[in-house]
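Peer 1: As a plain string of letters, each chain reads:
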Amino acid sequence: MADFGGTDLEAFRGEVRSWVEANFPAALKGKNPMQVEERNTPSPDMETWRKAVGSKGWGTPTWPKEYGGGGMSSAEARVIQGEFARARAYNPIGGMGVMMFGPTLLEYGNEAQKQEHIPPICRGEIAWCQGFSEPGAGSDLASLQTKAEDKGDQFVINGQKIWTSGAQWADWCFCLVRTDTAKKHEGISFVLFTMHQPGVETRPIPLIAGSSPFCEVFLTDAVADKKNLVGPLNGGWSIAKRLLQHERSGLTGAGGGLGGGGKAIEQLAKEYVGVDEEGRIADSDLRTRLINNVMNMRAFQQTAVRAMVEARGNSSPSSATSIMKNAGTSLIQERHEMALEIMGHQGLGWEGDDFSAEELGAVRGWLFGKAFTIFGGSSEVQSNIVSKRILGLPDLTQSK
Amino acid sequence: MAVLTEEQSMLRDAAKSWVQEKSPVTAFRKMRDSGVELGYDTAAWNEMAEMGWAGVIIPEEYGGSDFGYLSLGLVLEETGRTLTASPLLASALGAASALILGGSDAQKSAWLSKIAEGTAIATLAVDEGPHHRPDKVATTVAGGKLSGKKTFVLEGMAANVFVVSATSGGAIELYLVAADAPGVTRTKLSLADSRGAANVTFDNVAVSDADKLTGGAALLEKTLDRARAGISAEMLGAAVQAFEITLDYLKTRVQFGQVIGSFQALQHRAAKMFTELELSRSAVEAALTAIDTDAPDTPELVSLAKAKMGDTFHLVSNEMVQMHGGIGMTDAHDAGFYLKRARAAEAAFGNQAFHRDRYARIQGY
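These protein sequence lines are chains A and B, in that order. Counting in the numbering used here, the first sequence runs from 1 upward without gaps. Counting in the numbering used here, the second sequence runs from 1 upward without gaps.
Listed next, the in silico PhoX-like pairs over lysine-lysine satisfying Cα-Cα at most 25 angstroms (straight line):
id, chain 1, residue 1, chain 2, residue 2
1, B, K188, B, K30
2, A, K388, B, K251
3, A, K151, A, K114
4, B, K222, B, K108
5, B, K272, A, K388
6, B, K16, B, K340
7, A, K241, A, K114
8, A, K31, A, K56
9, B, K251, B, K272
10, A, K241, B, K272
11, A, K241, A, K183
12, B, K272, A, K370
Derived by calculation from the structure, the hints in this document are not laboratory data. None of the values given here were measured: they were computed from a predicted structure.
All chains should be modelled from the sequences, with the hints used to inform the complete structure.
Peer 2: This is how it looks when you write it as structure tokens:
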């Protein structure tokens with residue numbers, strides 16, 4: 001990795017800026033490639049932009065160059081991020097391959113696996129999904145039952161996965177399977193297989209908030225090539241744990257909407273509830289709870305900044321991650337509840353012209369937000385992890 | 001923990017080892033049992049001053065080291081761990097801030113060097129009732145005479161000089177009033193937390209322009225924000241220590257044939273406390289840093305720190321007693337000290353409700 005000093009970094013910034021100006025299609029300004037319509041049928045502009053960024057490795061700037069990444073320092077990666085933001089350009093290379101699977105494979109995969117799977121992720125060509133949870137294995141993930149049988153060059157897989165986000169769009173799946181029924185954690189293997197095969201069937205799951213990216217995945221004699229076993233046989237659990245750390249560090253900022261963009265909650269309250277003669281939110285009970293939430297959110301953001309500053313130079317997620325998920329998700333849920341309360345009956349509209357987009361967004365956000373404290377390790381599991389790993393208290397649940 | 005400079009690390013390490021060696025909670029207990037009127041151990045205070053801690057925020061020309069508020073916060077965090085009672089907060093931070101920000105050369109020369117040496121104790125005399133309401137001041141200056149009553153003055157019995165808020169012609173001003181000036185009387189308050197506090201009465205005390213600090217109500221707010229951030233740092237240390245003592249108990253106390261820390265009902269409450277402590281540390285360090293860098297949003301960051309830290313210390317001190325069970329109720333155990341300190345510190349310089357309201361007002365709702 002190049003060690004850029006301040007001057008070189010500024011030169012690099014200039015280079016990135018002119019490249020973005022020359023290559024970013026103006027029609028994509030502010031357009032998120034992860035939005036459902038773009039995911040289903042990407043526009044030609046999005047395809048062009050994805051190819052342009054992918055060929056430079058700038059979608060995965062810190063990944064090694066030999067596998068298609070940018071081979072850059074985190075300082076250079078921040079320059080790219082900054083320049084994209086300046087042009088209101090989203091990084092078109094994303095999804096689970098970038099967030100979770102890629103970093104994990106770079107760490108645990110063999111050379112052939114990295115050569116095969118990392119470059120398409122860097123180019124944004126292959127969408128990955130995560131085959132972890134099962135109907136009978138939620139918080140207690142290690143009790144999973146989906147079975148992989150050894151048939152020479154291949155594993156033949158039978159079972160069911162659930163909450164597989166984006167399975168309907170995915171090309172490949174990284175999956176936890178049981179290869180030894182005699183042991184719990186030590187009987188799990190981490191395998192990769194293509195979703196485009198007869199033994200794989202996906203079914204989207206409508207949620208309380210309406211349609212969702214979550215699916216059920218039925219595996220009936222699905223096939224994974226032996227060369228796509230990551231790590232040792234029955235050694236998948238430690239890889240899964242590592243991957244979950246990447247997932248949780250990504251989920252910490254979950255919730256966008258009321259957490260980040262959109263109208264500030266205090267502004268909403270002033271509009272819907274009104275103000276007293278001193279300009280304070282008229283409902284003093286609501287005001288107190290709202291202030292508390294706003295202040296806690298700020299302390300949470302301060303903690304995210306502090307963790308980043310303290311961990312700078314260390315590429316692995318810090319142990320603060322487990323604390324951050326519970327703190328952040330509970331605050332966002334509280335905020336969703338308050339938005340609904342602030343809007344009153346207007347905040348309960350399901351569809352139609354009687355409600356503003358903001359109001360409809362509030363009710364869907366509130367409902368979908370209930371998932372934040374369940375997925376990626378429920379709040380209870382996170383508390384178990386903090387107790388065990390950070391506080392050193394005895395472990396009764398084997399939460400990982 | 002914030003990223004520290006080498007000097008800051010050395011200062012913190014020095015504070016850590018001195019506190020462990022010379023000022024464990026047993027020292028605080030001894031001080032309380034002795035019933036000493038000042039509410040702190042003068043020998044320990046002299047040692048603290050000799051190490052330069054009383055001059056951490058004071059400019060070098062007045063004998064300080066000018067290391068800033070984050071640095072002093074590091075010391076307060078360490079002394080807070082063992083509930084060390086000393087004038088560090090009231091004198092070397094609170095009153096010293098008023099002098100640094102609003103003192104004339106003559107006023108600074110008269111007091112700052114002595115404060116830095118620890119040979120003079122100064123303190124803020126602001127509150128006038130059971131609650132912190134710094135904008136409601138009944139104490140007045142008229143015809144060169146200051147009159148009024150100040151309550152819950154920290155280190156009020158030890159102080160050589162008071163920084164007194166009073167209205168003059170309707171505007172809030174700060175005055176330096178020597179403790180031995182004619183018309184000043186003080187009575188010791190015996191409070192649950194055993195720290196030094198007094199009610200002080202000013203009866204037609206002669207003051208002149210030479211006693212007035214420059215800056216009025218704005219100076220008072222800036223000074224109070226420094227005191228609030230400082231006490232938040234002290235509370236952080238105390239809360240962290242209270243948590244660590246409790247965590248240790250969870251790992252050693254056996255009931256039903258196993259350590260009680262193996263019960264999930266207690267584990268999750270411990271995880272909650274740890275989370276709140278992490279969030280509070282961020283808020284406290286951000287407030288101290290904001291003061292050091294003169295950030296425009298310092299007032300709201302300070303209110304955030306004091307409110308968040310107050311909530312967290314409240315929680316941890318309650319859980320400390322509850323999780324210790326019967327032993328936590330006894331005077332022989334330290335849990336009660338942390339509980340009492342928590343409530344006194346919460347009330348000082350504005351409780352959580354005060355700072356939540358202040359935060360929202362600054363933000364316009």
